[in-house]
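Engineer: Residue numbers for the sequence shown follow our numbering, so the first one is 1 and each next one is one higher.
These are calculated hints, taken from the structure and not from any lab test.
For each label pair, taking beta carbons as the anchor points, the in silico distance ranges come out as:
{"#": "1", "residue 1": "F157", "residue 2": "N130", "range": "17 to 25 angstroms"}
{"#": "2", "residue 1": "F324", "residue 2": "N156", "range": "32 to 40 angstroms"}
{"#": "3", "residue 1": "N315", "residue 2": "I109", "range": "31 to 39 angstroms"}
{"#": "4", "residue 1": "K58", "residue 2": "N184", "range": "36 to 44 angstroms"}
{"#": "5", "residue 1": "N210", "residue 2": "E341", "range": "52 to 60 angstroms"}
{"#": "6", "residue 1": "K24", "residue 2": "Q269", "range": "29 to 37 angstroms"}
For each residue, glycine too, the CB sits at the ideal point set by N, CA and C.
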Amino acid sequence: MIELCIKYTKLKIFEVRFMLKNRKISVLFEDCIIEYNDLWFFSKQMNGLFRMNINNGKVEYISSIPGFSFQTERLVVKIIKLNEKIFCIPFKCEHLWIYNIEFNTWESIEIINENEKNKIGYFFQAILYNDCIYMIPTFCDYIVSFRLETYEVHKNFFVDEQLNEKRKNNNDCYFRTDYAIKNNILYLVSCCDCRVMLLDLRTENIMWKNLNGIDYTLSGIVYDGEKFWIAPRNSGEIFTWDGDKVIEKIYSPKLDNCYFAGITNYNGQIAVIGQSECGNIIFDKQHPDGYVKYENYLAYKVLNDNRDLVKVKHNSEIEVYIDFEKKWEGKCCVEVCKLVEHIPCSSIEKESNIFTLDMFLKSLMNKRSYNK
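Whole structure, please, built from the sequences with the hints as guidance.
Structural biologist: Here's what the structure looks like:
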């Protein structure tokens, strides 16, 4: 009887190994970095920093932020790489986490204190400018400047009475991800009203500009070298702005319940990032009356001085363009057998679409040295 139980156990272990050997799971991400042939990103569905080779699409798990379950979602939605360090901007965590690639170590800097915690999220965007990282908030009412030399954290509060009241009424975030920089001035548009916020990156002074003739909330701004392009948040026109008074309305979507997440400029085209049935609206700047509507994307990231582009679909299919040429297209997936080798059992809380029972068994077998 004992011998039969041993044989049965070995058979089940073999079956689990066989199931996991060729199995892959999709990985989604909302931001990324391209450097040489590597695409770095932090997963949306799990606590994991990953790297993908854009020549062959191979995805490699790198590390997880300490102290959080592997299954924690949206800890980070923005990353910045500087030399051998990756700065993971907090969305669901309260610290700025810094990963050292050379030494495979983590360090953290507190950004959100106990009195400022919320359950929604903190920062969608961050900008590296000179010796400082500026963190752009979603639901907290200040912009953080983080000095890279001293690790000093400064909070620049920006909410006035008008914005605070409208924020309560429409229950939206303050800002999305898309911004513009011109002459050392950072431009952000409000998701709560119809104004533009200007942050002087030399002095960190803040001022607001009203957009006369606009009466709807906004989702993003981009500068094409001549003028600003601005996208609505929901219903409203896509329009251009000269930075002062002149506004030219370009296009009004003819769909109800539109939802826009921002606007980008890549290879001579302006892309308004639409969600649900709105889709992306792509403008050729030479022919703004014509447009092409694509399906919506989870992320549409323009990188490296506007020369590279990464499109991320909700089904984990991605397209990577380097120097305006398509470099790679396919699903972003990681091999389960490689992933579970690095995940401690203590980091697994429950079975999910990402971490299934067979993966948990594989982790147990690794822990007990059954993986030979």
